[in-house]
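Read off the chains here:
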Amino acid sequence: MSDKPRKFKGGVHPNDSKALSATKPIQDAPLLETYKVIMHQNIGAPPELVVSKGDVVKKGELLAKATGFVSVPLHAPTSGTIKAIDKCPGPTGMAVPAIEITADGEDVWGSPFEPIADWTNTDPAELKQRVWDAGVVGMGGAGFPMHVKLSPPEGKKIDTLILNGAECEPYLTADHRLMLEQAEEVALGAAIVARILGLETAVIGVEDNKPDAIKMLEEVAGKYNVRVQGLPVNYPQGAEKQLIYAITGREVPIGKLPMDVSCVVQNVASAVAVADAVVKGLPSIERITTVTGKPVVNPGNWRFRIGTPIEKALELVGGVNEQPAKLLLGGPMMGIAQNSLGVTVMKNTSGILLIATDEVSLYTSEPCIRCGRCVEVCPMSILPATISQAVENKRFDWAEELNVLACIECGSCSYVCPSHRPLNQHFKRGKIEIQAQLRKKK
Amino acid sequence: MSETETTIQMPDPTRLVVSNSPHIREGQSINKIMFTVVLAMLPACLAGIWFFGMAALNVLLLCTVSCVVIEEGWNKLMKRASTWKDGSAILTGILLGMNLNAGVPWWVCILGGILAIILGKQLFGGLGYNPFNPALVARVGLLIGLPEIMTTWNSTRAMGADVITTATPLGMAPGASEVKDMLIGNTGGCLGETSAVALLIGGAILIAFKLIKWQVPLAFIGSVFVITGIAHWINPSVYHSPVAHVLSGGLLLGAFFMATDMVTSPMTKKGAIIFGLGCGIMTSLIRLWGSYPEGVSFSILFMNALTPLIDRVTINKPFGFESPAKEEME
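Residue numbers (this note's numbering), protein chains in the order written: chain A, 1 to 442; chain B, 1001 to 1330.
If you are wondering where the hints come from, they were derived from the structure by calculation, not from laboratory data.
Treat the hints loosely; a few may be bogus.
List time: in silico DSSO-like cross-link candidates among lysine-lysine, alpha-carbon distance up to 30 angstroms [claimed, not checked]:
#	chain 1	residue 1	chain 2	residue 2
1	A	394	B	1079
2	A	442	B	1317
3	B	1269	A	428
4	B	1210	A	18
5	A	9	B	1079
6	A	4	B	1210
7	B	1269	A	394
8	B	1269	A	256
9	A	428	B	1270
10	A	431	B	1270
11	A	156	A	256
Bear in mind that the values here come from a model prediction, so they are computed numbers and not experimental data.
Next up, chain A with everything else stripped away, as it sits in the complex (with noise of 0.2 angstroms):
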C-alpha cells in the first residue's frame, strides 16, 4: 500500500558498516554505583534544579523542572543520593553543569504521574501535557523538546507526521533494533502522537536497508492505522528535508520548520519515548544507543540510563582491540568527535562509536580543482565549493547571498571533496558568522 518515496537530488552512498551491531539484540545495562546526568540536555532553556546535595531520590523522580515552554524537565536514573551539583565534560568539550547520583543499588521506583491506560479517549492537550512532563525530546539528535513540536502556532495546520526510522547515519542500528523489537510501542507511540495532533494516521519511513524492520512494522501498523514507507538508501534520507520530500512531495523553504509545509517529524526512538510516557507513566531517563566501531571488541546494542559515562559503556563491549583515532557521539558523518572518557549518555546520543587509525587519515587541505562532486552531492542544491571559498575569504555577504544558511551540515560534501576541504567546517563558520550579524541589526 506504500506510495513510491520521491527521491531528492544528491546524496552520498558510505560503506554503512551496520553490520557490527545490527544482528546484537538490545541489552539492558547494568546498574551503575555512579551516574552523572548532564543538566541542559535539551535546545532551549535548561531546566531549574530542583533538588540539592544530600538529598534522597527515587528512580524517575524530577531532578530539575523546565523553565519556560522551549524546556524540558529532568528525571533521576535511579533511586539513590545526590552526591554532587558539579561539572562534567560536555559533548562539545566544554565542561558543563551536571548533577552526580550515587545509586543505593535499590532501583526503586518514584515515577511523578500515573500511567494513562485509555489514551484513545484522553483529552489531547493532557497528553501532550503528560510528553512534556516525561521531559520527552527529540531523541534523533537535535533534542528538540516534543511538546514544543506538538504545539503548532495558531494558523499552521498539521496534516502528516512523519516518524523518521530512516537511521541514515553508517554504524548505527539502535533505532534499527528499537523498530525490530518494539514495533509495537513504535506503532503505538506514532498513533499517540497523531491524537495529539489531531491526525489520524502517521506515515514510518524506513530505509530499504531495514526490511526486517518494516515487515515487523507492517505486521502491527493496521492495529495502530500508520503507514510504512520504505525509502530508498541514500544519506541523508533521515535528514528532515529529505525525509518530508520523499514522503510528502514538499520542501520546506529555507529558514522554514517542516510545520511550515504542515508536516511534524519524530524520531522513532522519540515516539518509544511517548508511548513509555503515557501508558506506562515513565518519564524520559533511557535511551537505546549503539556502542560500535572497528576497534571496539564486542559492539552491540544497549540500552543505557541517562548519566552513564562513556567510559563504563565502553567497559560493557569488552574495551577496544586497539587504540581508535577518534571517539565520536553519534555516527561518522554528523558526529560530535570528544577528548573524555567521561562525558556521558544524554536523551540524544544515538551511537559511541569509535573510528579507527586505518579509517582516517590527516588531510592536508589542497585547493579547489572545482570538479563539482560537491555540488553534485549536496542534497540542498547549493554550491558548497563556492560558498567554501566565500567564508575563507570572509565574505559573508557572498556566503549568504549563496544560501549557506540553507546547508544541514550534513557532511556529503567534505565527504567527497578530493581536495579534503573542510567544507563544513566552513559553512558551519558562515552560518554562525551571518547569524552573528542579523542578530547585530536586530
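Please build the complex by placing chain B on the supplied structure of chain A, with the hints as guidance.
Chain B alone, transformed into the frame defined by chain A:
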C-alpha cells in the same frame, strides 16, 4: 586460588583526535584523479608513438619533464611547498606534448612548458586558480609565436619514407582523407589528436570513472557535427563532411581532454552543456569561415574566459528556495 581478572583495554583519551564532522571520507584525491586522467590519455599517446615513431615519445617525455621541472623550480623560487606529486604538472606536460607535432625542435617543448606552467598556471596562483587550460595557453602561445613550426606536420610511418611532411585532413581538399585513416590515426596532425579510436577509448575511461561531465563532449562534438553538417549539405565541394570535422583537427582530444578540465570549465551540469555548445559553435565558425583550418584551441580558451559568467547564471535552485518576491506577496 586467586580470581583471574581480565584487563580491558580502554582508549587513551589523550590520543584521540578532535575535528569537525564528517569523520569518514570517500578516499578520492587530486592525485588519484590526475593519474586516472593520465591513464585515459595513454591510448592516444601510444597511437601517436606508433604512427609518428620515437620522435613522438621524445616530445611527450620532454614536455612532461619540463613541466615538472619548471613547476618545482617555480615553487623553489616562490618558497612554496613541492606540488609535482599532485600530478597536475605531469598531466599538463603530457597534454602539451599531445598538442604538438612529433617533429618539433626540442626547445619548443621547453618553451611550451614555460608558457603552460608559469603563464598558464602559476602566475594566477597555481592549481585551481588558473582561468585558462595551461596546456592550451602554451599551444596557442606557440601557434601565434612560431606559426611555421606549429603548422608543419610529420607524415606517419604508413605514408612511406619519402614523404616527410603532410597536411592535416582539414588542411586538404574536402574528401581527400579516408575515414578509416582518421579513425585509427594515420593522418597528419598533432601527435595526440590523430587517432579517433584511441581518444574515444580514453574518453570512455574518463566517463566511466566520472572524471568528466559527459555533457561537455556531447554538446561540443554534437554541435560541431550539426553545424558543419549543414554547411557540408549546402556546399560539399567547399566544406568538409561533418564526419571529417568530428574525427580530425583535435576535436576529440579537445572535447574529451581539454574542454573538460575541471578547473577551467563550469561546475554545474547545466553550465557544462552551455560550455560544450559554446565550444562547438565557436569551433565551427572558426573552421568554416575563419582564417585557421582548426579552431578547437581558440574556442576552448574563449569559453574558459566565460566560465565564471556561466557559473554565475547556472546556479542550481537550492532545495526549498523561495524567491524574495513571492515571500513578500505572502
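For each hint, the structure was consulted:
1. A:394 to B:1079: Holds, at roughly 26 angstroms.
2. A:442 to B:1317: 29 angstroms, holds
3. B:1269 to A:428: Holds, because 27 angstroms separates the two Cα atoms, which is no more than 30 angstroms.
4. B:1210 to A:18: Holds, at about 27 angstroms.
5. A:9 to B:1079: Distance ~43 angstroms between residue 9 (chain A) and residue 1079 (chain B) Cα, so the pair is violated.
6. A:4 to B:1210: 29 angstroms, holds
7. B:1269 to A:394: Holds, at about 28 angstroms.
8. B:1269 to A:256: 28 angstroms, holds
9. A:428 to B:1270: Holds: residue 428 (chain A) and residue 1270 (chain B) sit about 28 angstroms apart, inside 30 angstroms.
10. A:431 to B:1270: Roughly 28 angstroms separates the two Cα atoms, so the pair holds.
11. A:156 to A:256: 12 angstroms, holds
In this structure, the one hint that does not hold is number 5.
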